[in-house]
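Quick mapping for you: the protein sequence lines, in order, are chains C and X.
With full-length UniProt numbering, the residue at position 142 of the first sequence is 142, and numbering never jumps.
With full-length UniProt numbering, the residue at position 2 of the second sequence is 2, and numbering never jumps.
Be aware that one or more of the hints could be misleading.
Because identical chains share one entry, a pair is satisfied inside a single copy or across any pair of copies.
[What the hints assert, rightly or not] When the alpha-carbon atoms are kept at most 30 Å apart in a straight line, the in silico DSBU-like pairs for lysine-lysine are as follows:
1) K176 <-> K124
2) K124 <-> K104
3) K176 <-> K244
4) K176 <-> K299
5) K244 <-> K299
6) K149 <-> K104
7) K104 <-> K244
What the hints contain is simulated information worked out from the structure, not anything from laboratory work.
2 protein chains.
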Amino acid sequence: MLSEFDLIAQYFTRPPRANGQVALGVGDDCALLTPTAGMQLAISSDMLVSGRHFFADVDPYTLGHKSLAVNLSDLAAMGARPLGFTLALALPEARAEWLAPFAKGLLALADLHHCELIGGDTTKGPLNICITIFGETAPGQALRRDAAKIGDDIWVSGTLGDARLALAGYRLNACKNDPDEPLGGQINLDASNHALAAARMHQPTPRVALGLALRGIAHAAIDISDGLIGDLGHILQRSGVGAKLSVDDLPLGAVLAQQPQTIQRHFALAGGDDYELCFTAAAAQREAVLTAAQNASTKVTRIGSIVADPGIAFVAADGTALDLQLSSFDHFRTT
Amino acid sequence: MLSEFDLIAQYFTRPPRANGQVALGVGDDCALLTPTAGMQLAISSDMLVSGRHFFADVDPYTLGHKSLAVNLSDLAAMGARPLGFTLALALPEARAEWLAPFAKGLLALADLHHCELIGGDTTKGPLNICITIFGETAPGQALRRDAAKIGDDIWVSGTLGDARLALAGYRLNACKNDPDEPLGGQINLDASNHALAAARMHQPTPRVALGLALRGIAHAAIDISDGLIGDLGHILQRSGVGAKLSVDDLPLGAVLAQQPQTIQRHFALAGGDDYELCFTAAAAQREAVLTAAQNASTKVTRIGSIVADPGIAFVAADGTALDLQLSSFDHFRTT
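Between the sequences and the hints, there should be enough to build the whole structure, so can you do that?
What follows is the structure, given as structure tokens:
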């Protein structure tokens, strides 16, 4: 006597993959995972709520991708190798037209990272997606937030701000004077550029290969989900240091690069949903960082340095101090 | 710049406990857990939704207890030793009057089982509690659903049906002719008996010690969340066997024992939310089962046997077959 929500599980059930560490998958009281001898487990949970972390009518394929991507991004920020994940899903109704593409987007990204769906739960309720992910890292090798050292370079992967620009586009399409977009009047975004930026918002690329390549090279790392200065701030706070950021060196998203400077700086520094890595490494490791990035086929950019003075000091290309008025939580995903 | 939902985390943050396996707890991209060499990890996720798995106005202390209890019960059903858990929590608003007792109930049970809160997520949204729990078991020792053998005894821990009776009480208090309680007219439940039964519904006891004691003795095990016959059905299906149940041997909850026989049988067999263990063991192991139960200070009752014929056959004390009309998903928590 299967309920419709038991049937949901069938969209996520398939023969075990070949990573060899899942001793027992979906279908018992617990899944069983065999850790590699001597390794530590890295574990992270994220809960995504409809209307808060994503639009209720978002394409379910990209939502499946993004739900796992934000968790893989947490493993990347620790330098951990993905093993598996659980999926707990509350849905207002069980519709195949939604479930099939959601599962497809989720499992495509899972396969790419050899990260197996090992269990979970499905229930009726307001749309809510909770993924808990497991990875492995050798003891002492994890990239922790508290490990930045004075004199370290600060690096960022990929580009920043296009996801935040896409959100602005959605808001301004809905309401020309959205109070959440006080700088909206300066934004100029046609439909094709909005679509380009939106791809960054809906399908972030977790930097798993880069995180792995940086083990033994980087000191501290974090993934940028809440905006660069907010997330870099976590590193600074936990490491008891400050930062000097070279604002003109920030790697801008391709679409953001066409916007006025105020928008560029605001969205690259304080936008959210980028899921790039921000990390620190000793200045003597510059070549090693660039080689690691090349091996991971991921662009990295040096954007500043760790200093003793607390807080973040912003400087322009000519070295002059900038006084920027920024809020680090000014984006879609506040918590 | 902490949001109110960052502040929530403070209710759940405290100095690390002494189990020694949590290398890094709340506050980084991932938690780090050090598994015991050679052990397998048992992992389970449960998502509890307001209005579906619990009443929106339920006492938050007992809700904190129950949220972890249902996950500990999954570890118990595998014979796994609890290590830690993540908590993802969506809340409509951050109210200390709710959060403080919720955290207290949750962490009191966590401490009792040396199971550490290692990370999670908090967000604004319709009330939703998602816990993922981790335990350890030696390879080959886990109590799996697919391990029942023909000739095995079927056992159940504790007592059955009081949780389901409590739910009936709430429903009939709200509506004398609730269509979900077609047998409601036969139920006679005064306020003090309702309160006794409700304690079983709101604060189930996960049978962790019993699950551990049964390793190497029991064959298959499952925890009873959806009702005995539904959950025993999972063992039967996955083991490719059937069962003969001695209905008059079912251990009834103290309050249920005062109800008419129809209600007793219905609620003990097909009620939900008991969180007792149902397990099978060879008939030659009867003494060993009773000793394990005594060591775990947990009552167990032999209620039937595993047979070759598929399905469940019900028999009365005099050996005559019973034709019971039951639905295994007839309770509060359907999925």
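Checked hints:
1. K176 <-> K124: between (36 Å within a copy, 26 Å between copies)
2. K124 <-> K104: Close inside one copy (21 Å) and across copies (27 Å); limit 30 Å.
3. K176 <-> K244: neither (36 Å within a copy, 69 Å between copies)
4. K176 <-> K299: neither (35 Å within a copy, 67 Å between copies)
5. K244 <-> K299: Within. Shortest intra-copy distance 21 Å satisfies the 30 Å Cα cut-off; inter-copy 64 Å does not.
6. K149 <-> K104: neither (42 Å within a copy, 37 Å between copies)
7. K104 <-> K244: Result: close neither inside a copy nor across copies, 43 Å intra and 42 Å inter.
Hint violations for this structure: numbers 3, 4, 6, 7, all remaining hints satisfied.
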